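Heads up: the sequence lines are chains A and B, in that order.
Position 507, counted from 1, in the first sequence is what numbering that gives the first Met the number 0 calls 506; the numbers after and before it change by one each time, with no gaps.
Position 279, counted from 1, in the second sequence is what numbering that gives the first Met the number 0 calls 278; the numbers after and before it change by one each time, with no gaps.
It is worth saying that the hints were derived from the structure and are not from the lab.
Predicted model, so just to flag it, every value in this text is computed and none were measured.
Treat the hints loosely; a few may be bogus.
Have a look at the derived ranges for each label pair, beta carbon to beta carbon [claimed, not checked]: (1) B:LYS495 - A:VAL310: 48 to 54 Å; (2) A:LEU588 - B:GLY641: 38 to 44 Å; (3) A:SER405 - B:GLY256: 50 to 56 Å; (4) B:GLY641 - A:GLU364: 27 to 33 Å.
Beta carbons are placed, not taken as given, at the ideal position from N, Cα and C, and that holds for glycine.
Each chain, written out:
2 protein chains.
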Amino acid sequence: MEKILVLLTFLGSVTALLFALFTAKRVLKFSEGNEKMQKISKSIRKGANAYLKRQYSVVSVFFAGMFVVLCVMAATKLLTWFVPFAFVTGGFFSGLSGFIGMKIATLSNARTANACQEGLNRGLRVAFSAGSVMGFTVVGLGLLDISVWFFLLKFVFHLSPSDITGAMLTFGMGASSMALFARVGGGIFTKAADVGADLVGKVEAGIPEDDPRNPAVIADNVGDNVGDVAGMGADLYESYVSSVISASALGVSAFGGEIKAMAVPMLLAAIGILMSIVGTFFVRTGENIEQKLLLKALRRGTNLSAVGIAVIALPVVWLVLGKASLGLYFAILSGLIAGVLIGLSTEYFTSDTYKPTKKLAATSETGSATIIIGGLGLGMKSTAVPIVIVAISVLISYFVSGGGSSASMGLYGIALSAVGMLSTLGITLATDAYGPVADNAGGIAEMAGLPPEVRERTDALDSLGNTTAATGKGFAIGSAALTALALIASYVDKVKSINPEADLSFDIVNPVVLIGLFIGGCLPFVFAALTMDSVGKAAQSVVKEVRRQFKEIAGLMDGNAEPDYASCVDLCTKASLREMVLPTIVAVLVPIVVGLVLGYKGVVGMLAGATVSGFLMAIFMSNSGGAWDNAKKYIESGTHGGKGSEQHKAAVVGDTVGDPFKDTSGPAINILIKLLSMVSIVFAALVVNFSIL
Amino acid sequence: MEKILVLLTFLGSVTALLFALFTAKRVLKFSEGNEKMQKISKSIRKGANAYLKRQYSVVSVFFAGMFVVLCVMAATKLLTWFVPFAFVTGGFFSGLSGFIGMKIATLSNARTANACQEGLNRGLRVAFSAGSVMGFTVVGLGLLDISVWFFLLKFVFHLSPSDITGAMLTFGMGASSMALFARVGGGIFTKAADVGADLVGKVEAGIPEDDPRNPAVIADNVGDNVGDVAGMGADLYESYVSSVISASALGVSAFGGEIKAMAVPMLLAAIGILMSIVGTFFVRTGENIEQKLLLKALRRGTNLSAVGIAVIALPVVWLVLGKASLGLYFAILSGLIAGVLIGLSTEYFTSDTYKPTKKLAATSETGSATIIIGGLGLGMKSTAVPIVIVAISVLISYFVSGGGSSASMGLYGIALSAVGMLSTLGITLATDAYGPVADNAGGIAEMAGLPPEVRERTDALDSLGNTTAATGKGFAIGSAALTALALIASYVDKVKSINPEADLSFDIVNPVVLIGLFIGGCLPFVFAALTMDSVGKAAQSVVKEVRRQFKEIAGLMDGNAEPDYASCVDLCTKASLREMVLPTIVAVLVPIVVGLVLGYKGVVGMLAGATVSGFLMAIFMSNSGGAWDNAKKYIESGTHGGKGSEQHKAAVVGDTVGDPFKDTSGPAINILIKLLSMVSIVFAALVVNFSIL
């Protein structure tokens, strides 16, 4: 029975990877267009490859260092010997997910632009297929690693269930560290290039966006790939893996070490993959179709996948865990529904079809100060709805799972609701990841001088991508909060396994817990500040370089000379690699230091504080940023004076502030809150044995 | 012995009030200057009076309603009959503090302007004296009410200690509600008028600040008085009273109902008053003195007061509580020191003599977007230092007071550290409250056409006030966090007294506590958004009115016709009164609703969440706002292009965003986190008996 469950999971992951491979082959059959397009696409690919190569070499230093630390801890019996290796593989696969996603994205951008010459729908199909490759690679690799490790630890090395989950959580820590590097580094790259290109090119030199005369234009396109694609891939790989692993770990304590409870989250993920694949077939529609209907087609795909999961999960839970555990099914369901609702709330607050963003656009009438105040207010206010949704979902999943009589069952239920929320990731990520491909396609169309209707089509695809990206962000944030809660519970389990005598009350009125809460609450604020600063610093250096080229390269503005694209790419690469180190080090060191000073009680307080304030900050920053972006687009569509008006200029200020909010700091906080827990779990033995308080 | 302690406290309060009266008489002896100045000052006074009158009438409806609710609860034995009356008197005295402060401020503005004709130092003396009247009125009235109520409840009505503290905490709830109305209403008024006057007058019409042709100029000056003076008075009255009352309440449980433990915080406050009075005499200096030396003189006054308190508190604690309780003295000391350190950290992050604000000013080189990102980052980063200071102070005061063996002693120690932090309030508030007086004096100097050197002097005073105000804000925020923690402990005590069988574990891993934490964490975000929205809406209506007057009143720009000042004042009044209601209602209703749904465990989670995220948001918003303000002033002093440059325009955008941050939302959050606890305590019986979960 147990081996069959693992086999089923393994098959699910292989299916996802085969589907990704098959889709990739189909995408590559499309033509990359004329020579110019091929050349541009090639330089983007080259820049992105060069960045990732150097990013991985910086990251590998960190991983090597941590590997040594973990080996020392293993040698002193604080950890098992599997932990250092699990850590490295987690990081490797997270990075690989980002790499493959970026590879296919950079191979599809020119193909999408070319397909858009033939029609909107053809362009959508290429871009969406590229997104699907990324989506199914992420879930496939995630589940593959989980099932293979599980198989090895359980059936080859015959570890105890708690040692299995211990090693697998380290696997998660590796994935989280890699994801944080990728998100922060990529996020800094993309925003520094974007801001630099806009400030000097658009504002100072007065040339249009994506104009080939702008020296930062290739860097800007490279940024989309290394930030919005590679960063996002590593990020969501981490979210997916963390939610499954933490649920498995809690299953162990809920069911007294029974393997089948550990297998349920994996099976659920496998069901999600199959249903997501089914969903993608429903995205297909006729040839020439309107954008609104296209969105409907995408939605039909994701909604059908969700319904499919809801239907199939019921008998699966029943068969594996028996009738008595049927409450867990409702926990899964509550997660699925909560994810959809959070997505809708994000869409409501950030899409220009609803009141909040329309009202925000209207504040541009009185200048940039009022649109900034309006956007900050919008983001802060928008935290209330997801908070209530998550609160209700936590309550429901805890109590329907039997938390009233057994706390560990309730916590297992919460963890399963996070897995439920992320189970449709294959298809939601596909609809999310196609956006940057369309964005890049637009840039290539502009630079290659394709007819204006091509650019109109890529813009339409890009804008559709914004809406789906908003939903995707909702899922990512909601699942991060639930997973973080599950990881706190795993930490408590871990402390118990290290010291069975430990006092496991974490009373909020206890000053040590309370101080932990304060320090944890502060971390997302500091982290957001660090990453925003980094974007600012990196952008400044790009601004200087672009100004220099405009001044020193004769004939650049007349189109008689080519700018030095490579130097801008190189500059962004160096700046973002330099800047990504400090935030990550902070995230890894703080939980260890707090633990060694305040002890494990302080750590639990810190994790709770970081989860609450991180959830709030992530929603605030993502929604403010999204609303500013769409308010600008809404004005560009002809309202409030339209493009070039004073109102538009005010909206551009809002959008520029929103860029690091939504694409660097906000998403990085999601990873941060989980990484803090993972680090705490891995170093728990150190803290329990050697803390001061 | 017990009566003597109360008598000493009473004498302390009377001394403060007499000192305020004596100082007020001295201020009023100065001349108000020429006829024009008198006329301007009179219309500011008239507007401010009219606003406060209408504010109080709106607030009285709320108080009448709450009075009825509390009477119903008393009739059904959920509360004692003293509670409704204590609630009303708390509100009354908080309002009175603001009223008297505003009265003296509006009587001193023209006097300060006139004194500045004779010299900088003479101007400082008038303005600082006006600030002292306010400072000592606040602490005098606060301590008067506490000592009189205490005397009545204990020696006339012979209530039990826990009933005494119950009634006195309601007194605090009255003060907090009033303070929230005053802060929010006044804060909206002042920022709406400010933004309206600046946007249309300075930016659109191109006339200087405080130009008499600007229809909103009187409203702007009225705003300084009703917001920065009356609002701040009510606010700090509330902080002061809350900290003393919550410490007294915790003294009851720490010392098993001994009255002398309740008296210690009151005595400490009385010592603080005497030392603050002594301190004011050291502020005096020679006639013509430089600004830097003046700041030193002010600092000498506050530092000497702090040292005096530190010295005298030692024998007092010893005499009253005995040698065994001497640890409590160190808790007081840690609060005093923490307050000073937080003040220094605020100054470091917001003063243009230090790196952060200088660097922020430099970001204006690349436009308003980068200065906004820079300011937000600065504020977020600046949360780390006060968090660590408060954390260390909480740990120290808990453990030195004996929290290791008795939790209630430790909590009493934390509460005493808050009282220690606020003990110098008499003099710190004096140095804080003189700022708006100097600001107003500058406006009057401009409008009355006094020679430019007068305006230069008032500007110098105003700028000095900014620095001291930063320190004052640090104290207010730090003490709010400590007091809020003490109030959470009081709430737990209260639940215990209602139901001695209640399970008093508030484990952070318990989903109900956790959800409370999430909801509480969200409240400051929503509250900040609501108040910022209100400022935006009110400002929009002022903008429209000012534009209308410029268009419709012929000869206004040539100086041949007078604008209709009163209509702008009226508009601000209406708008701010309308807008202040919703945030306050939210603050009062949410803890009751959360309590009725989640029960008292959810309430404790909510209070902890609100305290942590409120503390972070208050520091973030105050420091961002302060830094933007000073970065603008730094540029105006001639750096980065100086006044009128593109960089200056970018800095003005930053300052405009910062205005509601630092003068409306930030300070209001301080009150919010205490009001939530107070409401929870007063309605505890309802929640414990009737909650769903």
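Against the structure, the hints:
1. Taken as a hint, the range 48 to 54 Å holds for the pair LYS495 (chain B) and VAL310 (chain A), whose Cβ atoms sit roughly 49 Å apart.
2. The supplied range of 38 to 44 Å is met by LEU588 (chain A) and GLY641 (chain B), whose beta-carbon atoms lie about 43 Å from each other.
3. In this structure, SER405 (chain A) and GLY256 (chain B) break the distance hint of 50 to 56 Å, their C-beta atoms being roughly 40 Å apart.
4. Between GLY641 (chain B) and GLU364 (chain A) the beta carbons are some 29 Å apart, a value that agrees with the proposed interval 27 to 33 Å.
Hint compliance for this structure: hint 3 is the single one not met.
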